[in-house]
Every structure is written in C-alpha cells, then in structure tokens.
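Numbered as in the working numbering, the sequence shown ends at 742 without a single skipped number.
In case anyone wonders, no lab produced these hints; they're calculated from the structure.
Computed from a predicted model, the values in this text were never measured in an experiment.
Think about it this way: if two alpha-carbon atoms lie no more than 30 Å apart in a straight line, the pair counts; the simulated DSS-like pairs of lysine-lysine are:
(1) Lys112 / Lys97
(2) Lys97 / Lys24
(3) Lys397 / Lys23
(4) Lys384 / Lys24
(5) Lys645 / Lys633
(6) Lys115 / Lys23
(7) Lys115 / Lys150
(8) Lys242 / Lys646
(9) Lys646 / Lys741
(10) Lys353 / Lys337
(11) Lys112 / Lys150
(12) Lys407 / Lys384
(13) Lys384 / Lys397
(14) Lys23 / Lys112
(15) Lys150 / Lys50
(16) Lys250 / Lys235
(17) Lys115 / Lys97
(18) Lys729 / Lys242
(19) Lys206 / Lys166
(20) Lys645 / Lys242
(21) Lys729 / Lys115
(22) Lys150 / Lys166
If you anchor each label on the Cβ, the simulated ranges turn out as follows:
(23) Pro559 / Val226: 42 to 48 Å
(24) Lys632 / Gly154: 43 to 49 Å
(25) Trp363 / Arg532: 27 to 33 Å
(26) Gly154 / Thr391: 51 to 57 Å
(27) Thr349 / Leu634: 48 to 54 Å
(28) Asn267 / Lys632: 23 to 29 Å
(29) Ser639 / Asp713: 30 to 36 Å
(30) Glu675 / Asp716: 40 to 46 Å
Backbone N, C-alpha and C define an ideal beta-carbon position, used for all residues, glycine too.
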Amino acid sequence: MILNALFISLIIFSCDFSFNSTKKGTLSLRFDSDAQKSFWGPVLDIASYKLEGIGPGGENISESWEESSSHDIPNLIVGIWNFSLYGIDSGNNTIAKTDFEIEIRPNAVVEKYIKMIPLEAGQGSLSITVDFSAFNESLTAPGVLIQYEKSDTGDTGSIESSISEKTASASASMNVGYYLLYIKLADGGSVKYVWNPQAIRIAANKETEVFLECESNSTGGGAEIVFDGNINQAKYLDFEGKQSIRLSVKNVSSGQLFINKANVSSNAITASDTGGVLLSTESEKSMQNKNGFSSTADKAISSAILLSDNPRAQAFVPPSIREEKKKATLGPEEVIKIGEDDPTLIVGTSIAKFWVEDQYGAWIQEESRLLAKADTVYLWIPDKYFSSSSTANNDNKVNQSQINLLKEKFNGASPYTGTEGIRALVSNIFGMEDGGELDGNGGIDADQHISILLYDIDYDYESSLTGGVLGYFWAKDEYSDEQMQAYGLRSNEREMFYLDVHFLDLFPMIMVSCLSHEYQHMIHFNQKWLIRGVDSPVWFNEMCSMVAEDFIGNSVGIPEDGSPRTRIPMFNRFYHQSGVVDWLSGSDVLKSYASSYAFGAFLARNFGGAELFNDMLIRSEVGTDAVTSSVKKLGTADSFDDIFKKYATAFVFDHSNPPDVFSFPELSSMYNGIEYFLPAFSLWNYSPTPTLFSPSTQSALRPYGNTLHTSSDWIDLPDDSVLTIQKPKNDNVNFIVMYKKR
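Work the whole structure out from these sequences, hints included.
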C-alpha cells in the first residue's frame, strides 16, 4: 500500500554543479529491453559488462557485472564523469562499446539509458526467402521489395529479389552490423502486404538467413476512409480479423494525416508487436516507401537531474492501524476549529520541533519558529532559513513577505469565507482532510489548521540549483510518533506538509501552486484510505494533485509560467515513454508527472470539470475504475479504453476544433457555489511540439501509452492515396487515423 508523500518537481534543469568532494550521487544504468529486443538485442550476445570511468577530480573506477536490465554505481563524487562501457560475450570477447559523459549530482540518482555500439568490422552475407503462397488474392505482376536500415549509421538501401511462382529470393553481401529489414509484397506497384520489420545481425564471413511467409486470409483490401476535408476528424480502425488492410483515403488534400497507435491495456507492448504502416498512391508504379525509415528503438535519453521523489514516503505501509488512526486524537479535548485562534501559538515567538530526514536518511529535529498564522494555516521555519532583510532569491533564506504570500494564498480572505483561497478551493472539490469537516475532531492534533514546514528539503541547497523536490506530504504525520517508530519513522503528529525554502525564494508562484498539490494529497489520504480503506495507485493520486493546481490557478493568480502547464514541454517530448497508468522511477518520474497532468487536464476539460473530480474522490473505486464510473455518472457511458482513445486524438487537435473532436478546451464550471476556470491550451503551442514518429517506425508502447505517426509526405495528399496497415500482433494496439485541416 502506498500512502503518497507526494512530490512535485520542476521540469527545467539547467543548473551547473561545481566539483565538491564531500557530496556524492548514484549512476543508474538502464538497458531498455523492449527497444533492444525489437531492434538489435536478440543478436547482440552480451554476457557481461565492464565500466571504466574518470571523475571530475581525476578519480578512476572500474567495475564489471553480469548482463542485466539495470545496474547502479553508488557513491560517485559530484561532477562531470566520462565513462566507457564495454559489452563482453560468453567467450570473454569485447563485442560492443559505448562512451558517454554524464553529470553526477548530490544525493541524486542519475539515470542513463544505454545503447551499445557493436565493434565488428568486415563483411558477411544475407539470404532472404519470402513465401507468399498463402496470400489469398490473385496477383498479376507480383513483386517483393526488400529495404534495410543500418542501426549504427542510419544508412538505408534496397535488395533486389527474384520471383518464382509465389516465392521471392534475394541475397547480398553486406557490411557487418545490425539492421532492420522492411519487406513488402506488391502487385504492379500497389502494396498488398507488409511484414513486421525484421531485426538481423550480419556477422563477419558468415551467412545470415531470413525466411518469411504471410498468413492466409491476410488482406482486407478495398475499404475507404472518407474525411470531410473542411473539418478535423478522427477515424478508429477495425481489422475485422484480417492480418492487414488497405484503405483508400479521400478528401485530405488541405491538411495533414496522422496515425496514433494506442495501447488500451495496463501492460507494455514491445515494438515489434505494434503493427506497420505504409502509404502509397495508386498512380505510383514505384514500390518505394515514401516515408523513409526510422529506427525501431527510441533514441537513448540521458537525464542528469535531481531525484524528485521520496521512495520511503511513497512506500509507507501502515498495516492494520487504519481503525486505530481513525480513533486517535492526541490534542486537547476542545478542538481548535477553522477560524478559531490558539492563544498559546504566538507569531514570532512560538517554537516547535519537527522530525525530518537529513541528506543521509537519518532522523533529526529542526527547531522551527511560527512566523505566520491565519484562520486555516500555521507556517513554521527554522531560524537559519529566515532573514527579514533578505532580498536575494538564491541565498536559501526567505523573508516575511514571502511567508505571508503562502499564508494569504492558502487561507484566502480573513476572516475565512470558505469560498476563497487554496484551502477552500481544493477542499470544495476533493473533500476535507482528516478531522477538517465542520463537525470534525481536528485530526491527530485536534486542530483544524494545517501546518506547513519550510526548510531545505534533502539539504541539497546550491545557489545555482533550479531543479529538485519542491514539497511533499507524508502520511506518517497523521499517526502517533509511538506508532511510527515501529516502522523506523518519526511522526510530527499533526496534519501538515513540507515545502522547500530555496524554491520558495526562487519560484514563489510555483510554490503557491504547490500548496494545492500537497493539500490534495493530504485530502486524498483521508478520502481514500482513512474513510474508504482503499489505496490509490500513484498515477491516480498524482493526477488529482496536478489537476488541483489547474483548478485553482486562475482564482489565486498563478501565471502561466507557474502553472502545471509548464509540464507540457516535457510531456510533448517524452509522452511515449510514460503511459497514463505508469509511474516511473528516478529521473524518469518527471515524465510520469507530465503524463498524469496531461491526462487529468483532458478529463477535467472534457468530462465534467470540478464535479467529475469530486465524484472520483468520494467513491470507493480508484484508478481506471474511478475514472470510468465517474464519467458514466456524469452522462458518458464510455469504457476507460474509449476514454483513452479519445485522449489520444487530443494529441493532434486543438481547442478551435468542432465539438466532435477532442482537445484541451477552455472550461468554466460552477461547483458548490464556487466557479472554476480552466484555460484552453494546445500541445502544439509549446516547444518542443509532440514527438512524431515516421509511419514505418515501430516503437514500444507503455501501459495506456501511445505513439503519434506522420510524415512531411502526409500533407495535402491526393485522393488516390492508399494506407496499407499491418494488424498488430498484440490486439490491445488500436489504430486511430486523424485528419488535421490546415
């Protein structure tokens, strides 16, 4: 069970760290099994790895390990490292190598995705046999086109074949290396069948043999997709049991054609199982693929960024004490209600000690001073992080006006009206935290005020730091310290969350938005776990927190560059690497935050706004079940798969589209007397724009993930254009063909 701590992290990471021998970090090497197996992994027989590195101060390391999907090297000095990684086969021969430079950062896990480069040289031969005797259509002028792409250089070429009855044969001498073969069956220039790309290895002085055949009843040719050329439209394909279909595309001469491959399952799908696409025109006599070739494997992505999660907090499991928690109150007999004053708490004078983890994971106490209080909130900060005269925004100190900003935005008007400020805006949608109801007992401390502790989270301050953990909620604080010590934790015995001093100093309005994010997590813990005894998956809880930021932004004056829409550039670049129901680890977690926001923003704007998210929180279902049930209650009888496919179309269209096309439109919604405004946005108005794959590319699909395919040749197509689409091996891959009018 995960009671989420729950962090929000910046998407901009541009800081440069100077060498500091007292600080260390971890390098995590990742070997993308999906990409490697679909491209060149099956024939690159690495049995072990050897890593050699030179550190920022001239340090040397050398480490070896057996082949695995990941490997961590801890305790590396902070700074720039240069590494050489060698792949070694079972005969102790070095067969591959890759060199890379990476920055190690303090108290961070820096991930590097690896693609090994083969070291062979020389030539080998390729022999191909293609049997299409099972093809059930008559062919008058059959031909088989064989094209290839070399993995390390991207070089492409073709191999001529000869036909004898219904068998094609081809052979060629080729440089050693790893290749993708693209093979198609045509008749008089019209493509009839497309095989999945074949990953092969050409070894020195050896022959590589490839045999392919097509399945019977393979082609469902002759169908048409007719678009209204004056509007944007999406069409969902049905293979109807056929192994491939040929689609004549009409009325697309004034826009661009896109295909979205959508995985409607909670399991990842390997690249080779996602089907293939070829576009041709009936008038073409050449069998050349207009779209060129693109590697099956995604390019390796190296991110040297700070850890943006607290794994211990996310993995917090308090078994069998939910009922005890519901009965436990450690505060005074008289509950201190919202709007009531605790005369024992004096601003500028009152001191309290808070348990936090230091940079090494040890529990320490930070003596903190109460520097602001209002009808709903107390703000605490250690003296070392406060300076009344501080005007710099990178000295790890905040002044009174910065603290007051949080107080005023969280509390709203004073006296508290219950309609203004983040406390009211968020709880009106998502419900109340434990003990916060009108007749509530105030929770663990019998006080309905929320405590916020400002300090240097992770103790990782550097003046140039622009990325890291902004804040978190940890459910341990809602239990007694005695209970939590049994788990190796310490509780502060109050409803509270934590914010980072440096980021409040540097990005004050982002931190205001963060207030709503962490407060939703606190509410979520109560609504789902304490009241209903259910455990939300991380993606669902995070989606709610990201959308909480979205809902309050307009009301409390969050600018665009402080809003959750700053996640969109990362989403555009990496959407295919983190699906809707994913929650990745290490630096990749930023991709999951971005994905959670995009999906939540889509749901809110298209399926019911504030009322939808209220309903999702106050029911006993979580995750995809909660989404589906709440959408149905508000009038749309879609399955989660249907909702996800509609979401996939929003990758292409914008809010100026007609109502039958989905996008991210503007929405004003009134709920319980409070109005919420969600601005419209388009993925295409951010930089970078969404990552596009060529039509022929096959890329692995994440759980409820997708890839978007198009080409510069798919603009202003003539009416004799034909799509040949090979049915995916995995039935959970859905094809959506979209036309976007210029």
